[in-house]
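Quick mapping for you: the protein sequence lines, in order, are chains W, D, F and G.
In terms of the UniProt record's numbering, the first sequence is numbered consecutively and its last residue is 427.
In terms of the UniProt record's numbering, the second sequence is numbered consecutively and its last residue is 427.
In terms of the UniProt record's numbering, the third sequence is numbered consecutively and its last residue is 427.
In terms of the UniProt record's numbering, the fourth sequence is numbered consecutively and its last residue is 427.
By construction, these hints were calculated from the structure, which means they are not laboratory data.
Some hints here could point you the wrong way.
Computed list of lysine-lysine pairs in DSBU-like fashion (alpha-carbon distance at most 35 angstroms, straight line) [to be verified]:
id, chain 1, residue 1, chain 2, residue 2
1, W, K140, D, K2
2, F, K2, F, K15
3, F, K33, W, K15
4, F, K2, D, K192
5, F, K172, F, K192
4 protein chains.
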Amino acid sequence: MKLELNQIQDLNKQKAAEQAEHFGFLKLALDKKGIDAEAIVQKLADFQVAIPSWALGSGGTRFGRFSTGGQPVNLEQKIEDIGLLHALTQTAGAVSLHIPWDIPTDPAATKQLADSHGIVFDAVNSNTFQDQEGQVETYKYGSLADRQTAVREQAVAHNTEVIRYGKLLGSKSLTVWLADGASFPGQNNFRKSLQNTQRSLQEIYAELPADWRMFIEYKPYEPSFYSTVIQDWGTSLMLAEGCGEKAFCLVDLGHHLPNTNIEQIVATLMMKGKLGGFHFNDSKYGDDDLTVGSIKPYQLFLIFNELVYGMNHNEANNPPLAWMIDASHNIKDPLEDLIQSLEAIQLAYAQALLVDTPALEAAQADNDVVLGQELLQDAYRTDVRPLIREARLRRNGALNPITTYRSLQVRDHLIKERGLKTVATGL
Amino acid sequence: MKLELNQIQDLNKQKAAEQAEHFGFLKLALDKKGIDAEAIVQKLADFQVAIPSWALGSGGTRFGRFSTGGQPVNLEQKIEDIGLLHALTQTAGAVSLHIPWDIPTDPAATKQLADSHGIVFDAVNSNTFQDQEGQVETYKYGSLADRQTAVREQAVAHNTEVIRYGKLLGSKSLTVWLADGASFPGQNNFRKSLQNTQRSLQEIYAELPADWRMFIEYKPYEPSFYSTVIQDWGTSLMLAEGCGEKAFCLVDLGHHLPNTNIEQIVATLMMKGKLGGFHFNDSKYGDDDLTVGSIKPYQLFLIFNELVYGMNHNEANNPPLAWMIDASHNIKDPLEDLIQSLEAIQLAYAQALLVDTPALEAAQADNDVVLGQELLQDAYRTDVRPLIREARLRRNGALNPITTYRSLQVRDHLIKERGLKTVATGL
Amino acid sequence: MKLELNQIQDLNKQKAAEQAEHFGFLKLALDKKGIDAEAIVQKLADFQVAIPSWALGSGGTRFGRFSTGGQPVNLEQKIEDIGLLHALTQTAGAVSLHIPWDIPTDPAATKQLADSHGIVFDAVNSNTFQDQEGQVETYKYGSLADRQTAVREQAVAHNTEVIRYGKLLGSKSLTVWLADGASFPGQNNFRKSLQNTQRSLQEIYAELPADWRMFIEYKPYEPSFYSTVIQDWGTSLMLAEGCGEKAFCLVDLGHHLPNTNIEQIVATLMMKGKLGGFHFNDSKYGDDDLTVGSIKPYQLFLIFNELVYGMNHNEANNPPLAWMIDASHNIKDPLEDLIQSLEAIQLAYAQALLVDTPALEAAQADNDVVLGQELLQDAYRTDVRPLIREARLRRNGALNPITTYRSLQVRDHLIKERGLKTVATGL
Amino acid sequence: MKLELNQIQDLNKQKAAEQAEHFGFLKLALDKKGIDAEAIVQKLADFQVAIPSWALGSGGTRFGRFSTGGQPVNLEQKIEDIGLLHALTQTAGAVSLHIPWDIPTDPAATKQLADSHGIVFDAVNSNTFQDQEGQVETYKYGSLADRQTAVREQAVAHNTEVIRYGKLLGSKSLTVWLADGASFPGQNNFRKSLQNTQRSLQEIYAELPADWRMFIEYKPYEPSFYSTVIQDWGTSLMLAEGCGEKAFCLVDLGHHLPNTNIEQIVATLMMKGKLGGFHFNDSKYGDDDLTVGSIKPYQLFLIFNELVYGMNHNEANNPPLAWMIDASHNIKDPLEDLIQSLEAIQLAYAQALLVDTPALEAAQADNDVVLGQELLQDAYRTDVRPLIREARLRRNGALNPITTYRSLQVRDHLIKERGLKTVATGL
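Go ahead and model the full structure; you've got the sequences and the hints to work with.
Structure follows, in C-alpha cells:
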C-alpha cells in the first residue's frame, strides 16, 4: 500500500484554516520574543528519524505476545510500512536494518524501493544475542566478550558481514549492541570479558570502511541479570576510545539505572566528541520500550536541550547523530505507535529550539537558579504543535498523521493485502 | 529416569565421616549456646517446597531463549524431574501445577505417579495473561480486570476450571496472578479496573471448595509497563479482604520496586493473618527470577526471620504457607538451578531458626541497636551447612545434591531418554 | 511588608493587553472543542494551597545549609510572607502550622493577622521526630511506635496539645508524620512497632473534635534507613481504617520508592474514600523536596487527572482535600520557589480540567490505547498559562508573580526590615 | 582514655580455649581443601582501615540529630578514640583527617600522639561543600566547578592548604569530594561545570608532592538533587586521566544509583590501574551511611572478591588502596558502630581470600555457571570468624571487641572524662 499525495492533502484541507490561524498566532507571539518561527519550522522539516526494520510488527514480553493484523512479513513490506509513516509524518526518512532478521536478497532492488519512498539506509545492526539456525557456535554464554576464540571470531565475522550488507545499501554506520554479560556472580571474569570485548570491537573496527562509523551501545541489564559487559556510558566511551576516531557511543533512553540523569551523559559525551547515535523510547521501570514521550516528556525535552546545545557548540566534532526509534509495540498498532513517537520527538525538538540560550547563560552567570528554570519551562510550556504541523504541511505530510492514518483506513488495507495473522521478524 | 536409593547412598558414604565430624562440632557449639541442633534438623527435614510445573525447562527473555537438552515434554516427565529433585534434596515434595500448560489428561494416573515420587499437589495456577489456541475472547487488554463482561467471564470460567483440575489431583489452593494493567497513561481507568478485579475474584472465590484457599499475587510491573492492577501488597490485601477469610496474599520476592523492605511486608501480612503463599527467587534489577539466594542472601535470611517469627507467633491464624520456587533458568541446567535454590532456602531457614529470639527481644526492649544487629548476624554468619546436610541424610537424600546429580550423570540420561532438542511448555 | 493592590495592578497593566489577546484566543479554541474556559478559570481561582509555616526559610541537607537574607524569624513574619505569596498568586490562602516550631503565643492575634491577609489555618502538624529542649523522654528510638509506654504517652500528649492549638486558630485537621522506624535489621520488631503505632493513633483519634480529621502520612525511608513503620499507602490505609471514619491517608509526592505509580495510589485511595491530604513537591532521587513540577511535570498532570476525576466521582465521600506544598528551599529564594510551585500546581490542575473525560471513557471502552494517550496528551500539551493568569487577574493577583515580586524588590525590603542573617525555625 | 594490654588480654583468656578449638577445626578443614589458614590470618592481621576524623561523634539527618555522651571535642580526643578502636580491633591503624573540621594546631604533637597509638595519617580530605566562618566566597552554587573564577580559586587554595597540613602529618594522599552540581534543570551548564572541574583539579594536582596521590570521589546525588558534576565512575575516571598518573578514582559504596553493579566498577577501574581509594559503608536506599555489612554483606564479599583479584593481578599498577570507613552513626554508639564495620570488612576480606581462584577460572573456562556460583558461595558460607579472631589475637587485640568494649565500660569512662553533652565537629 502506498499513500497518494492527494489523499493526504484532501484531509489536510479540512484543518488548513485552523492550522493557519494557530501558526500565525504563535509565529507572532514568538516574533515578539525575538524567535524566528520560520527558521524553527525549517529545522523541524529537516529532522529525520530512522525506523528500525524490526519494530514494524507487534512486540512482546517473555510472557507472550498479542498479534496485530497486517504485519509486514518481509523487508519489502517493512520498507513499504516506513514509506507510509514517512508519507504521513515526513519525519521517517530512514530505515535502520537488522541482520539477520532482514537480509536483503536483492540489495539493488531494495535500495530502489526505499528510494521510491524517500527513505535512506541509516546504521545497520548486528545480532549476536540469539542463535540462528545452522550457526556453529552458540552465543549462550557470550559473543564478542566470550572466552572462547571461536565464538568471538564468529561474532566478529557476523559484524563484518553486516557491514558488507550495509555497504550494498548505502549505510554509513554499524551499531553494535551486546547482550554479553552474566546472570550470576562467578559466571564471568569482569576484566577478561571487557578485554575480549575491546579486542573484538577493534577487529570489527578494522573492517570499517573509511567513511563509516561504529556505534557502541550500553545497557545495565537485560537479558543478563547480574552484570552486562558494556554496562554504562563510561564503559562504552572507554571501548570507543580504544577503537579509534570512527567509534562513538550510542545512547538508548531505556538503557539506564533508575533515576539516571541522561541529559548530563549526553552533554558529557558531546563535550568529548563521542556521541554518535541515539535511540528513542520511553520507560517507567526498565527498558520498557514504550512510545517516546509517553511517560517522561520533560526529561525528553531536557535531553533535546542538550542535543541542540551540543549541535550548536560542536567544537569536539561529534558526527551528525544517527537518530532512531527503538520501541516495542505490545498493545498498539505499530504504525500508530511510531507516529506518536515521531510526534513526541518533534515536539521536544521544537521546544528545545525555543530555549533562549543567551538569556539562560546570563541567568547561569548570575546564579539565578529561578530564572534558569523559568526559561526552560517557558520553552517547554509553549504549545509548539502548530510548528510541527507547519513543518509537515510544507513537506506535504499530514497535518494530523494519526487521524489521517485512521481516515484512510491504512491498517484495514494492510490486513486485506497481507492477511490477519502475519508475523514480522524481530523481537 | 528414577534415582535408586543406593545410588545416592553410595555417594554419600564418601563424605559421611566428614559430615559426621562437622555436624558433631556444630551441634556441640550450638549446644553451648542453648540451641538444640536436633530440633532444627527435624524442622529442616520437614520443610518442603513446591516446584512449579512450568519451571523445569529452559527459560528465556524477550530477546530469545537458549535450549537445554533433555527437557521434559509432558506432565509425566515434569513430575519425573521433580522426583529426581526430591530424591536428591528431600525438600521438593510438592508440585504446583499450571493450567493450561500442564493439563492432566488422566488425573488419577498423574496423582499416582506423583505419589510414587513422594510428591503432593500444592496450589494450582491459572493463566489469563496469554491467549490460547481456540480461545474466544482475547486477554490483550485485560482478563479479570477487563472492561468487557465477556472477557471477565471467560477468565473467571478458566479459574473455575483450574479449581476443578486441582480437586482431581488433591490440591487445596488456587494462585491467581494477573498481568492486567496498562502500558500507557489513559489506557485504563484505575478504579474501574480495580473494581472489576474485585468482582471477578469474588466470583472465583464463590467457586472455591470449603477446604481451599485462594492466593492473590501482586507485582508492580511487567508485562504491563505503566501500571498493574494489583501493584502491591496493599492492593492484594484489599482484594483478599474483599473476598473473604479463605483469600490470602501471596508474596513473590521479585515482585517489588527497587529497595522495598520485603521482610516488613511479610511481618505486616502475618500480623493480619493474611499471608498465604510465598514464591522464592532472587533478583538484582527487576523480576529477574534468578536462583534463590544468588544475589541477596542476607535479605532472604531476614525474610525467613520474619517467617519463622510469624509461624511461632501466629495469633492471627495464617494458614500453613504454600512455599514455591518461581525462578527462570536461562543459562543453567534447570535441575541444577533448582537444587541451588532449594539449598539456599534451607540455609536461610536454618539461620533463622538459630536466632536467639528471647535475647533479641531483650535487646530491643533495651534499645540496644548494636546487640540486635549482632544477634541476627551471629545466626547468619554461622555455617549451617552441616545442619541441612544432616536433615537430607536422615531422609535418605544426597549429602551434596549437585555433585551427586553430576556423578550420576542425570542430565545425560535425560537427554538420552528424551532427546536433545525437546521444549518444555511454560515460560 | 505588605503589598498594596495598586502596586500589583500597575505592573499588570503592562501585560494586560497581551493577556487579553492570549486568553481570548485560547478561549475560542477551547470553545470549539466544547470546553468552557470561564468555568475552568473559576475553578482555578477557587483553588487554594496551604503553605507550611516551616518552609519560608532556607532549607538544608545533612551537609549543611546556605542562608537567605530576610527570613522570617517568628510566626507573625511567616504569616506576613504567606500574605505576600497570596497577594501575588491568589493561590496561597492557607497556612499549615507546625508545632512546636511555631507555637502561637497569642492565638487570637495570630488569627486576626492571618485574616487580614485572607489566610485560613489548614491542618496542624505535630513533631515527634526531634527532641525539644526540656523534653522528658527521647524520640531517638521512636515516638508513637516506641516500645516504652512513657515515650508513646508523651508523643500522644504532644499531638493532643497540637490539636488544642489548632482549635484556637480554626484548624480542622491534624497531620501526623512519623519518622519511627529502624536503621538496622534487628533494631525493632515490625509487628510490635505497628501495633504500638495503631494504638497511639487511636488515642490521638479519641481526642479529635467531632468536626476534625486526622491525616496519616507514609514514607518509605529517611530519616530511618532500614525500615519505616508507616512505609507505604497500604500501611497508612490500614492504620486509618483502624482509627475510624475521620482518619484519612495523606500522600506526599516525594515519599515513594523509585518508579512508584503515584497516580494509581491516588485513584485507589479515592475509591476507598480515604484520601485526606496531599503534599506537593518534586524529586528525582528520593525525598528531594524540590519545586513542584520542576522534574516530572507530566506525572504531576497524571496525578491531577486522578484527583479531578476523583473529585468529580466522589461516591466514597472523600473529604475536601487538604492541599499543601512541602518543599525545601536549599538554593532558591523561598518565596520565589513557592511561587514557582504554586504556578506548577495550577498548570497541572488546569491541564487536568481540560481532559475530555467522556471521550476518554469511550476510548477506554473501545480498547483504543492510542486515542486514550492522545486525549491526555492533548490536554497536557495545551499552553494553559493564559487560563491561570486570567484566574489570578480576576482575583487581583499578579499576572506574572515572579517578575512582579522582583520588580517590587520584595526580598530587598524583607532584608531591610528583618536583617540579612535571620534564621527561620523549621527544617 | 587508653586501654591497657592486660585489660584486653584478661578478657581474652575467658574465650581463648574456645577460639583455639574453633580455629583449629577450621584450619584443618581449610587444610583439606588446600587452603593455608595461617597465610590468611597473616593477611587479615596486616589489613588496616582508616577512620575518618569526622565520624567519631553522632551523625544526623536533615531532620535532626540525637546525641551520644562522651563524644570527642577535639582532634586529640578523636585520635584517642581511634586508639581505643585500634587497641581492640587491631584493624584501625590509620586516621583520615578532614580540614577544616580538624586542623592540627600543633602538627608535631598530633603526629606523636597518633604514633603512640600506632596510628598513621592516611588521605587528607578537603571540604568545599560548606561555608566556613570568615570565608570570602560562598560555595552555595559551586566550588571547583563554579562559574566564578574567584570561587574556584578559593576552593583550589583550600585544597592546597589541606595538602600542606597533610605533609606536616605524614599523609601521602588527598581525597577530593565535590558536592558541586545543580538541584534544578537550567541551573548549570553541564559542560562548563565539568570543564571548570577538570581545570581546578589540574591546578590542585600541580600542587601535589611527587610521592602523593589524588583521589577523585563520585556520587550521583545529594546534596545536589538534579545533577552532580562528578556523577559516576566514568566522570571520575575522565577527570583522573585528565590530571595525570598520580590521580585516581575513589569508590564510596553508598555513592551509586539503585542496583548498580559496584563490583564490576571496581574490576574495571583496577583493570585501568585507576582505583586509588575505597570508602566503606552500607545502604538500602541512598547514601545511607550505615554500618558496613549491615544490609548487603554478600555484595560486600563480591566487591572484596574483585579487590583481592585485582591486588593479585595488578598488571596495571594500582597503588596500595586507601581503605576508609565512611559511615554515619545516627543511633548507635559511634565506637561500637565502627567496631561492627571493621568486623564486617575483615569478614568479607577473609571470605574473599578463601575463594578457590584456579577452580573458579576453570569453571568459567567451561561455562560452568553453576559451579562458578558454588565456588563463590562456598567461600562466603564458611564461618570465617575464627580466622579474624585469630588475627586480632596475634596482634594483641580483643577476641570479641564489642563485648570487651562493653566489659571495660569504655563509653562510661569517656562520658566521665568528657561530659555527657559534648559535640564532635563533622557531619
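Hints versus structure:
no.: 1; hint: W:K140 to D:K2; verdict: 29 angstroms, holds
no.: 2; hint: F:K2 to F:K15; verdict: 23 angstroms, holds
no.: 3; hint: F:K33 to W:K15; verdict: 14 angstroms, holds
no.: 4; hint: F:K2 to D:K192; verdict: 49 angstroms, violated
no.: 5; hint: F:K172 to F:K192; verdict: 31 angstroms, holds
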